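Q: Go by the hints and put chain B with the ligands onto chain A.
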Amino acid sequence: MKLDGKIPAGALAEKWTKYRSSMPLVAPHNKLRLDVIVVGTGLAGASAAASLGELGYNVKCFTFHDSPRRAHSIAAQGGINAAKNYRNDGDSVHRLFYDTIKGGDYRAREANVHRLAEVSGSIIDQCVAQGVPFAREYGGLLDTRSFGGTQVQRTFYAKGQTGQQLLIGAYQALSRQISLGKVQMYNRHEMLDLVMVDGKARGIIARNLVTGKLERFSAHAVVLATGGYGNVFYLSTNAMTCNVTAAWRTVRRGALMANPCFTQIHPTCIPVSGDYQSKLTLMSESLRNDGRVWAPKKKEDAQAIREGRKKGKDIPEEDRDYFLERKYPAFGNLVPRDVASRASKAMCDAGHGVAPTGLAVFMDFAAAIERYGRSRASAQGIHNPDKDTITALGEKVIDEKYDNLFAMYEKITGENAKKTPMKIYPAVHYTMGGLWVDYNLQTNIPGLFATGECNFSDHGANRLGASALMQGLADGYFVLPYTIGTFLAGEISTPRISTDLPEFAAAESETRARLLGFLSVNGKQSVESFHRRLGRIMWEYCGMARNAEGLTKARKMVQDLQAEFQSDLFVPGTLDEFNPELEKAARVADFMELGELMIVDALNRNESCGGHFRTEYQTEEGEAMRDDEGYAYVAAWEYGGMGKEPVLHREDLIFETVKPTSRSYK
Amino acid sequence: MKITLKVWRQKDAKDKGRFETYKLDNVTEHMSFLEMFDVLNEELIQKKETPIAFEHDCREGICGTCSMVINGRPHGPLQGTTACQLHMRMFNDGDTIVVEPFRARAFPVLCDLVVDRSAFDRIIQSGGFISVNTGQPQDANSLPVPKEVAEASFSAAACIGCGACVAACPNASAMLFVSAKVSHLNLLPQGKVEAKRRAQSMVKQMDLEGFGNCSNVTACEAECPKEISIKNIARLNREYMSSAVGSETEV
Ligand SMILES: Cc1cc2nc3c(=O)[nH]c(=O)nc-3n(C[C@H](O)[C@H](O)[C@H](O)COP(=O)(O)OP(=O)(O)OC[C@H]3O[C@@H](n4cnc5c(N)ncnc54)[C@H](O)[C@@H]3O)c2cc1C
Ligand code: SF4
Ligand code: FES
Chain A
1 MKLDGKIPAG ALAEKWTKYR SSMPLVAPHN KLRLDVIVVG TGLAGASAAA
51 SLGELGYNVK CFTFHDSPRR AHSIAAQGGI NAAKNYRNDG DSVHRLFYDT
101 IKGGDYRARE ANVHRLAEVS GSIIDQCVAQ GVPFAREYGG LLDTRSFGGT
151 QVQRTFYAKG QTGQQLLIGA YQALSRQISL GKVQMYNRHE MLDLVMVDGK
201 ARGIIARNLV TGKLERFSAH AVVLATGGYG NVFYLSTNAM TCNVTAAWRT
251 VRRGALMANP CFTQIHPTCI PVSGDYQSKL TLMSESLRND GRVWAPKKKE
301 DAQAIREGRK KGKDIPEEDR DYFLERKYPA FGNLVPRDVA SRASKAMCDA
351 GHGVAPTGLA VFMDFAAAIE RYGRSRASAQ GIHNPDKDTI TALGEKVIDE
401 KYDNLFAMYE KITGENAKKT PMKIYPAVHY TMGGLWVDYN LQTNIPGLFA
451 TGECNFSDHG ANRLGASALM QGLADGYFVL PYTIGTFLAG EISTPRISTD
501 LPEFAAAESE TRARLLGFLS VNGKQSVESF HRRLGRIMWE YCGMARNAEG
551 LTKARKMVQD LQAEFQSDLF VPGTLDEFNP ELEKAARVAD FMELGELMIV
601 DALNRNESCG GHFRTEYQTE EGEAMRDDEG YAYVAAWEYG GMGKEPVLHR
651 EDLIFETVKP TSRSYK
Chain B
667 MKITLKVWRQ KDAKDKGRFE TYKLDNVTEH MSFLEMFDVL NEELIQKKET
717 PIAFEHDCRE GICGTCSMVI NGRPHGPLQG TTACQLHMRM FNDGDTIVVE
767 PFRARAFPVL CDLVVDRSAF DRIIQSGGFI SVNTGQPQDA NSLPVPKEVA
817 EASFSAAACI GCGACVAACP NASAMLFVSA KVSHLNLLPQ GKVEAKRRAQ
867 SMVKQMDLEG FGNCSNVTAC EAECPKEISI KNIARLNREY MSSAVGSETE
917 V
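Chains A and B, in that order, are what the protein sequence lines are. Going by the working numbering, the first residue of the first sequence is number 1, and it counts up by one from there. Going by the working numbering, the first residue of the second sequence is number 667, and it counts up by one from there.
Worth flagging that the hints you see were computed from the coordinates, not collected in a lab. Be aware that one or more of the hints could be misleading.
[Claimed, not checked] Where chain B lies over chain A, by a calculated footprint (3+ residues, C-beta under 8 angstroms):
hint : stretch
1    : 67 to 75
2    : 133 to 140
3    : 218 to 231
4    : 234 to 241
5    : 410 to 421
6    : 521 to 532
Predicted, not measured: the structure shown is a model, and the values here were computed from it. Glycine is no exception: its CB is placed at the ideal position from the N, C-alpha and C atoms.
Chain A extracted, bound-state conformation (with noise of 0.2 angstroms):
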């Protein structure tokens, strides 16, 4: 198999324009002959479906949630990127393209990324014009601040809930759709696998969640918007249901999963605390704009702390180790993600942690309070303010930038963060890899779309902060609803797909089987105790910090998990009823598939680059060491079959603008 990317030819800066204005359009009365299916109600799901419904095509749109303001994208905190340059602060379509690519450790293609920073303006205007209340200076134009690998504040927010009110934005775009009758929304739907009749993408089996019948839906096209796997750890700040299902029930009908192994684990969430535990959560980037990361220098206070004798503000200023800004000057608390969680992971590795289980760093905001209050206190006419009113002054500007952050921290560990520094630590947080797509945002089956997290195209080996909000209102609004007209347009003589064809009869037969085979098990472990088992091995042998040798050892552990989950599960229940247990345990098993997957392609890949980190290949400093000779290239990878070895196919990245270089953020 050839791959093409299909990207236009042209100055990377009007591959877009130009394309955009010779591509094959669809005539608004063919519109309404055409079905297309959309799966996924989250930023990328939702516009689409929006977008597409407006152009007048007949969508159906398919969430397993109860309703599709509850997706995923509900939870992001800290912003959304956009190249608006309203700070005057050097910004452009350029730069921003340019961070992303960098950002991403030269592992992403050149086009797709100009392209999302040339859209990215037109997704706040979009966004504005929809009601979305953003932060606002006092002159009543919109506030921005900085996140990750940017020397630019470009990423618009509102408080800490950006997502939700993104989401919001678009969920009543959809609604709006839904009520002229040009949606017609499935709430409590789950896709369990795409039909394809003569090799291309026309429908899907879903289960209806509350009553447990299997449902067949046909279309034209499908659009997958159904977000990352990063749950696959089990441990994540992923929504507990975030699943692989519906990506990977394709990849079993060939379409390829590109680079799996990428996976962003973020610096900046709440330690974990118990065996128990079910989810991890986020304190959001954004917070690294005033927090400043830390340890104990000395080995006996981090001991000290863990053991309760002492406290973070015990230790004084010429005991703690910024390490971050240490090692990271030009940057500081704001390098990207992948490069601060090594750092904090090297830091609690040689004893400087600080939780009771030595896996935990500071984040502290006492200089952020002092300097905010001091301001405030000037703008206030307040001259030699004492320091309860800067404390006090300090810290309300800290909750207006943060509010629900630090409630949300209190709420979760019981201490208050404006007072005591914030304990943090790493975790796994969102997939760069993904179904593999072109420039159209096409898989490799013709009719198949991913957009959003799902697909693996903008991002590299590491995404940066507000880029993931971007990307999915980009593919949603502002790419999918042209590029879509690309295969729709040789589809206008099609007449409906009828479901009683074959193909769909022997896709919904194998579905019941895989379901029946589930319940037939009766065996005695749980399907959550099986992806604790899976998250454990992903994470320790897949995660962080990856190497040869505990990579191969850790296939043969998911290979024997797979056996025993065949041959000990169980699951209550029957199939015709709400059922979340066998939900559950269809998610697990694909899970358990992708997880050999990303193994593999994690051995594969014999360098380090972004979250990719291979031990074997670091500098001395412990900086990732990339092979451009080696592996510039997507790793695309087909479904072998059961037992069988996946099979590679590879798509060269071309730098045609930007020379990779040794990324530096010192």
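A: Showing chain B with the ligands alone in chain A's frame:
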């Protein structure tokens, strides 16, 4: 800690339902309320019994999925907190805790603690949006919005659509939810164009869905995990009155 749970079990919408009692011995104070349910469900599965169905997703208080009435209070005893963010340090060793689904005519029970809240979606579909297509709107900064206005709008937009306000209300009214959406949009200059029609359509749909009338009990505000203010209800009433009386707005 030892905890006794009395949980509502109901197989499906047709089942009458009943409370069942469960005893847990190994609850720690750092556990979240839902993690306690995970532990209980694991025990039930070990005994090959049917685990308790409850809804949850983000476990961070933002998705609005979790929905339980804990000791008579939607989302439990802690002010401004969803059930998923409640931690066991709020309870004492030996406590008995009663857990039920949100109860309202417009929220039928589907299974155990899971209810159908799609009525909220239909209310939004009736007018809870600004009618703009994806395209080329004006530059975002060409429309300044005073900071206070943006913040007031944001506070209303912080509603997570959980339905606790309905569960808390003796009339099962959805006025807090509806008024939060109306305020979010109507306060902004972008939302003013359709302000009256929005208020009318959403109130009409709310009535159609079988939610009760608001009689100013204010229990909704007290139980709302996002502390949405009942001032929004007053604002909605004003908007509705001015739009209903002598207006030609078509709904
Ligand atoms: C805690 C947290 C904070 C974040 N903060 C930021 C931030 O500040 N800035 C930023 O840019 N990014 C942030 N991210 C990343 C960002 O939120 C996600 O990458 C992005 O929202 C993903 O959007 P999506 O539309 O691709 O998928 P999702 O929002 O995950 O939506 C997936 C949808 O697919 C549906 N679905 C999935 N499978 C099926 C199936 N089989 N059948 C039917 N439906 C299905 C789901 O129901 C859901 O509707 C954050 C992520 C986390 C975890
Ligand atoms: S108003 Fe409050 S209680 Fe009601 S749905 Fe919104 S967040 Fe929930
Ligand atoms: S699970 Fe998301 S708000 Fe509780």
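Q: Apply the coverage criterion to the stretch 133 to 140 of chain A and chain B: a residue qualifies when its Cβ sits closer than 8 angstroms to a Cβ of the chain, and three qualifying residues are needed.
A: It holds: at least three residues are needed, and the stretch 133 to 140 of chain A offers 8 whose Cβ sits within less than 8 angstroms of chain B.
Q: Can you confirm whether chain B covers the stretch 67 to 75 of chain A, using C-beta to C-beta distances below 8 angstroms and requiring at least three such residues?
A: That given contact holds, which follows from 7 residues of the stretch 67 to 75 of chain A lying within Cβ reach (below 8 angstroms) of chain B.
Q: Counting residues of the stretch 410 to 421 of chain A whose CB is closer than 8 angstroms to a CB in chain B, do you get three or more?
A: Coverage by chain B holds for the stretch 410 to 421 of chain A (3 residues, Cβ < 8 angstroms).
Q: Do three or more residues of the stretch 218 to 231 of chain A come closer than 8 angstroms to chain B, measuring C-beta to C-beta?
A: violated (count 0)
Q: When I compare C-beta atoms, does the stretch 521 to 532 of chain A have three or more residues closer than 8 angstroms to chain B?
A: holds (count 4)
Q: Are there three or more residues in the stretch 234 to 241 of chain A whose C-beta lies within less than 8 angstroms of some C-beta in chain B?
A: holds (count 3)
When each numbered hint is compared with the structure, a violation occurs for hint 3 only.
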